[in-house]
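Residue numbers (the numbering used here), protein chains in the order written: chain A, 116 to 456; chain B, 731 to 1232.
No wet-lab data here; the hints were simulated from the structure.
The model shown is predicted, which means the values in this text are computed figures rather than measured ones.
Some hints here could point you the wrong way.
As the list claims (entries may be wrong) - Within a straight-line C-alpha distance of at most 20 Å, the following computed EDC-like cross-link-like pairs (lysine to aspartate or glutamate) qualify:
1) B:K1209 / B:D1002
2) A:K322 / B:D806
3) A:K317 / B:E1070
4) A:K305 / B:D846
5) A:K326 / B:D806
6) A:K305 / B:D844
7) A:K322 / B:E818
8) B:K1051 / B:E986
9) A:K432 / B:D1034
10) A:K322 / B:D1034
11) A:K322 / B:D1166
12) A:K322 / B:E897
13) A:K317 / B:E818
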Amino acid sequence: MKSKRNQRSNFNFRDFIFTYGFVIVLVFVVVFFAITANNFFTFTAANTVLHAAAPLFIISAGLAFVIMTANIDISVGSIAFLSSAIGALMISRLNIPVPIAALCILIAGSLMGAINGFIVVKLKVNPMIATLGTLLAFRGIGLQLTNSMVVGIPRNIQHFGNAKLGPVYLDVVISLIVLVIMLIIHTRTKFGRQVMAIGNDKSTAEKLGVKVNRVSFIAFVVSGFMAGLGSIIMTLQIGGVAPTSGTGYEFSAIAILVIGGVSLFGGEGTIIPGIILGGITLAVIETGLNYIGASVYVYPFVRGGIIFISMFADALKAQVKPRVKLIDDDQSQLEVCQEKN
Amino acid sequence: MSVPYLQMENISKSFPGVQALKDVTFDASEGEILALIGANGAGKSTLMNVLGGNITPDSGRIIINGQEVQITSPLDANEFGIAFVHQEMAMLPTMSIADTMFISNYPTKNGLIDYDLVTKKCTEVLKRLGCNYDPKTIVRNIGPGSQQLVEIGRALLSDPMIVIFDEPTSSLSASEKAHLFKVIRSLKEEGKVIIFISHMLDEIFDLCDRVMVLRNGENVGGGKIKELTYLYIVRLMIGRKEIDHYYDKQLHKGGEPILKVENITRRGIIEDISFTLKQGEVVGLWGQLGSGRTEVARAIVGLDNIDNGTIYVRKNGNFEKIKPLEAKKHMGMITENRREEGLLLPASVKHNMSLANLKNLLKPYTPVINQKLERKETKKYIDRLEIVVSSLDQKVETLSGGNQQKVIIGRWLQRNPNIFIMDEPTRGLDVGAKADIRNIIAELAEEGAAILFISSEIEELMSASDRYLVMKRGRIAAKMDPNATKEDLMAAAAGAQEESFA
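Start from the sequences, fold in the hints, and give me the full structure.
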C-alpha cells in the first residue's frame, strides 16, 4: 500500500498536463504539417530545424535560471548581438585568433549579465524594466561599434557553423551537450537548487539560509554567459554579425521556456526535457509555416500568438494550482504512520 | 538529572520603548516537555529568540549542560544543539521533501550534491517521525500536517538536544496534531529538552510536563502541569479578574430561520451541504482542518463557485433564492486569515472599516464620499466594539491582531447584515482578545443576527455555539444539539469508519 501511495503522489496527472500541455500541442502541430506540407517528416527537415534552433537552445538554458528565480532578462538577444559584434570585429579587424575572440565573447556576455544582475539585485530595479533598458543600450553599443553594417568573418572559420558530425550538425551536438551540463547544474548543484528555492518564495529561501541576492545575481551572469555562448554559434552560422542579429531572441527564448513548462512565476520547470520540447515545438511551427509557404508576415503573428497562449496557460496554471488539493491525502498518510507506531 | 540541562538566568532585554523581558529565569531538563505560555506580546518569542541566537539579551546567563555559553547567532545556537521549529513553515512547494530540508546545507561530493546521502539522511529522519514518505515527494502534494513533520525533520537533522516548538499546531487538524504530539513525546523519550510554545491550554495539559507562564516579559509562575488548573493558568496569563465566564456559556434561543442552504456542492471539495440558520443563534461548524469547513463558508458567501445547490435568504418574511454573487449583500464574512484576505494593511482604520459600505456613504446623487459621515459611522463602531486606536487614520498594520479582527467585524456591522459567517475569527489572538471577540459574537446573536462560527479550538467553539454542524471529508457528518459533549464532536469529526471520497 505504501509504494502505491508514493507512486500516486509522484505522478500527478494534472501536474503533467499543466507542465507538458504543449507537448500535446506539438503532436498536433506535427500532424498538421505532416498532412499539409510534403516531405515534412524527413531527416533532413528535422536536422535543419534543430540546426536553426541550436543557438536558441543555449540562450534559453541560461535564461531559464533567471526565470526560475522569478526574475526576467529580456536583454539576452542584445547580449548575443553585442558579444557577437565584439567577437566578429576582433577577428576581422584586429586579426585576433579565434579562440581568444571566443573567450572574449563569453567574458563580454558574462559582464553584460553582471550589469543586469547589478541593476536588478543591488539597485532593486524591476527586472523587466532594467533589462528592457539594457536591451536597448547593448544593441545601441553594438550598432555603434559595427556602424550598423554587416561584419563578416573569414571563410575558413565560417564553415564551422555548418559543419556536420556524421549526419547531424555539429552545433546541434554542442547545444545538446550544453543542455546536459545545464541540467546537471540545475538538478545537482547547490546553486541550481537554490535558484528553484528563490523562485518558490524569496523570503522563505532567505529564512532557510539561501543567499538570495548572491544566487539571483549569479543567475543573471549565467544568463549573460550563455547568451554569449549562443552568440558564438549564431556568428558561425551566419558567418558574421548583422545589425539584426539576435533580434527577437528574447521572446523566442521566453516562448521556448514557457512552452517547455518553465513558469514565469518562478520555481518551476526543467532544463531537459523542458527546453528541448519547447524548442522543438517552436522550431517545428516556424519551419512548418515555411514549408506550407505561408507569407512572411504571418510569422511574427504566429509567434506572438504562441507566446501569448503559452503565457496565458502559465498564468492559468498559477491560478489553478493552489486549488489542487487532496482532502484526504495527508489524513491517510498519517493513519499509515499511526498504524505503524 | 540533578542539574537541569538548560538554565537561563535573569535574562533581560529591552527594545526602544518596551521592556520585552525582565529578569526571566527558568530551567528545563532532559526528557521533559516545558510549556511556555503567555498572551501575545508576553515575551515568549523574544525569550526563545534569545535562546535561538536571533536576539542578544542585555543581561543574563545561559547555561547548557553545566557550562555557561554565549549564543550570538543562529549558527551558535545550532552548535550548542538548539533547534527551532518555527510557527510559519518554510516550505518550498515545487521542490522535493529532501530539497526543502537540505536547501542551504547540502552535502556535496566533487562539487555536486550527494543525493544518495541526502536521501539516506532524509529517510532516516522521516522514519524517526513515523512517516514513510519518499524524500523525492514534491512538497506541494503533501498536506500541512506532513509539511509540519518536514519542518521538524529539518530541525532534527543537526541532531539537537534542545528543540523549541513555536506554536506548531496552529495549522494542523486534530488527527495531525495527535500525530505531532506522538512525535514530540518520542523525542522526549529520547531524552531531548523540549520547549513547547502555545496559546492553547488543552494542548498544554495534554502534552506537557511543566508550564511556565510569561506576562509582560516576566515569569509570573507555573509548575507541574498535573498540579494546576485551566483557570489558574488563564489567570496567570491575563492577570485580570473578569475571566470567570471564560468557559461559561449562555444559550441563545433561535428565532425564525433566516438562511437556508440546500445541497451545496463543489466537486471534490464539499458535497451536499444543507442546513438552516435561525435568528439569534450561533451555530458552530466543527471539523478537522481540510474537512471542508472553510470551503463551506467560502461557498456560501460566494467566494468560490459552486457546482450545485441553492442558498435562500429570508427577505420580508419570505425565503428568496439568491445568486452566489449576491450573497455578500446579505452576509458579513470574516475570513480565516485576516492579514491576507480581510484587511488592506497599509490603509487606515477608517478606510478599512468603510470599505464595504461606501455606497451608503456617498453624498446624494454624486460619486463623492461624504467624509464627515464616514468618520461618524466609523467612530460609532469603533466605540461599540471598543477598538483601541490612536486615531481613525492609524494604519491597520500597526494594530494588534484582536483590534484588526474587530476592524473587520466593524466593517460588516456598518452594513448591518443579519447573517455572519466567521471562519476562525480568533486565530492567533491572545486570551483577552479572544474573549472580546466571543463577547461580540454573543452580543450580535442577542441582537438577532445568525452566526455561523468556525473554530479549531473545540473549547472555544463549544463555549460560543448553540448547536453544532460537524463536517467530515467535505460532508456534514452530524448535526448536534447543545447537549453534545466534546467527545461527541471529536468522534463525529474523526469518524470511525473509513469512507472513500466519491
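For each hint, the structure was consulted:
1. B:K1209 / B:D1002: Distance of about 14 Å is within 20 Å: holds.
2. A:K322 / B:D806: Between K322 (chain A) and D806 (chain B) the Cα gap is close to 16 Å, so the pair holds against 20 Å.
3. A:K317 / B:E1070: holds, 18 Å
4. A:K305 / B:D846: Cα-Cα ~15 Å, so holds.
5. A:K326 / B:D806: Roughly 19 Å between the alpha carbons, so the hint for K326 (chain A) and D806 (chain B) holds.
6. A:K305 / B:D844: holds, 10 Å
7. A:K322 / B:E818: holds, 10 Å
8. B:K1051 / B:E986: OK: K1051 (chain B) and E986 (chain B) at ~17 Å, within 20 Å.
9. A:K432 / B:D1034: The given pair, whose Cα atoms are some 17 Å apart, holds under the 20 Å limit.
10. A:K322 / B:D1034: violated, 33 Å
11. A:K322 / B:D1166: Distance ~34 Å between K322 (chain A) and D1166 (chain B) Cα, so the pair is violated.
12. A:K322 / B:E897: holds, 18 Å
13. A:K317 / B:E818: Holds - the C-alpha atoms of E818 (chain B) and K317 (chain A) are around 14 Å apart, at most 20 Å.
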